[in-house]
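Chemist: This is what each chain is made of:
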Amino acid sequence: DGGITQSPKYLFRKEGQNVTLSCEQNLNHDAMYWYRQDPGQGLRLIYYSQIVNDFQKGDIAEGYSVSREKKESFPLTVTSAQKNPTAFYLCASSRTSGPTRRETQYFGPGTRLLVL
Amino acid sequence: AQSVTQLDSHVSVSEGTPVLLRCNYSSSYSPSLFWYVQHPNKGLQLLLKYTSAATLVKGINGFEAEFKKSETSFHLTKPSAHMSDAAEYFCVSKDSGNTPLVFGKGTRLSVIA
Numbered sequence: 008d009g010g011i012t013q014s015p016k017y018l019f020r021k022e023g024q025n026v027t028l029s030c031e032q033n034l035n036h037d038a039m040y041w042y043r044q045d046p047g048q049g050l051r052l053i054y055y056s057q058i059v060n061d062f063q064k065g066d067i068a069e070g071y072s073v074s075r076e077k078k079e080s081f082p083l084t085v086t087s088a089q090k091n092p093t094a095f096y097l098c099a100s101s102r103t104s105g106p107t108r109r110e111t112q113y114f115g116p117g118t119r120l121l122v123l
Numbered sequence: 029a030q031s032v033t034q035l036d037s038h039v040s041v042s043e044g045t046p047v048l049l050r051c052n053y054s055s056s057y058s059p060s061l062f063w064y065v066q067h068p069n070k071g072l073q074l075l076l077k078y079t080s081a082a083t084l085v086k087g088i089n090g091f092e093a094e095f096k097k098s099e100t101s102f103h104l105t106k107p108s109a110h111m112s113d114a115a116e117y118f119c120v121s122k123d124s125g126n127t128p129l130v131f132g133k134g135t136r137l138s139v140i141a
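Residue numbers (our numbering), protein chains in the order written: chain W, 8 to 123; chain P, 29 to 141.
Just chain W, with the same shape it has in the complex:
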């Protein structure tokens, strides 16, 4: 089955701890994205990557870091600098994100991060 997987489904973070959320896709998509969802605020873009070894900050990148060493993987690290990390995190991918493209983004099932 082709799709996007995120793990774990629930993740707990202690104060001062870095945690990493996994996102893997087997759709052969070039572009991948990380969003944060808070109640009543829709989705906000954290980081995105259009191609391997390249990524750009979104609207709320502070306190987060990413890497894109492989096409199918785009892990997100929530660092201790992110003071309010409790949220639902969604990963997405699309075939491409080039200048004239309007490709559909497909979403993973999400990871809920809770602070202890």
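Just so you know, the hints here were simulated from the structure itself, not pulled from any lab data. Glycine included, every Cβ here is placed at the ideal spot set by N, Cα and C. It is possible that some hints are incorrect.
[Stated by the list, open to error] Simulated DEER-style distance windows between Cβ atoms:
#	chain 1	residue 1	chain 2	residue 2	range
1	P	R136	W	A68	27 to 35 Å
2	W	Q63	P	S37	28 to 36 Å
3	P	S80	W	S80	31 to 39 Å
4	P	K96	W	S87	45 to 53 Å
5	W	K77	P	A141	42 to 50 Å
6	P	P107	W	A88	29 to 37 Å
[As the list claims (entries may be wrong)] Each computed BS3-like pair below joins lysine-lysine, with the alpha-carbon atoms no more than 27 Å apart:
#	chain 1	residue 1	chain 2	residue 2
7	P	K96	P	K77
8	W	K64	P	K70
9	W	K64	W	K90
10	P	K77	W	K78
11	P	K70	P	K133
12	W	K78	W	K21
13	P	K86	W	K64
14	W	K16	P	K133
15	P	K77	P	K133
16	W	K78	P	K70
17	P	K70	W	K21
18	W	K16	W	K90
19	P	K97	P	K86
20	P	K96	P	K133
21	W	K64	W	K16
22	P	K86	P	K96
23	W	K64	W	K77
24	W	K90	P	K133
25	W	K90	P	K77
26	P	K77	P	K97
27	P	K97	P	K133
28	P	K86	P	K133
29	P	K133	W	K64
30	W	K78	W	K64
31	P	K86	W	K16
32	W	K78	W	K16
33	P	K70	W	K77
34	P	K70	P	K96
We have chain W; now place chain P onto it with these hints.
Modeler: Below, chain P without anything else, positioned relative to chain W:
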């Protein structure tokens, strides 16, 4: 700058009655527009999308949306609500070029038996 406004944060309908979820967009160009549905603690599933072809777009599960440029609207409709339609719905816009998706804040649809 792009923006998307979902006019109702919560809509409640009886099972078997029509559904209308309203969305207005603001964009300098002719955008692509999408509707996604999210069930509790799940990811977003694409319902339908408009990309400058036919203005009436049919999606999955009996939903459809009409692009009205004069009204800058892209309202989502369904003739008859089913209990399984209860979820959060997001209207999303994307301009051409290297621009990100812009999400509305969502409309929660409740379906009453």
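Chemist: Mind listing which of the numbered hints don't hold for this structure, in increasing order?
Modeler: 6, 12, 13, 25, 31 and 34
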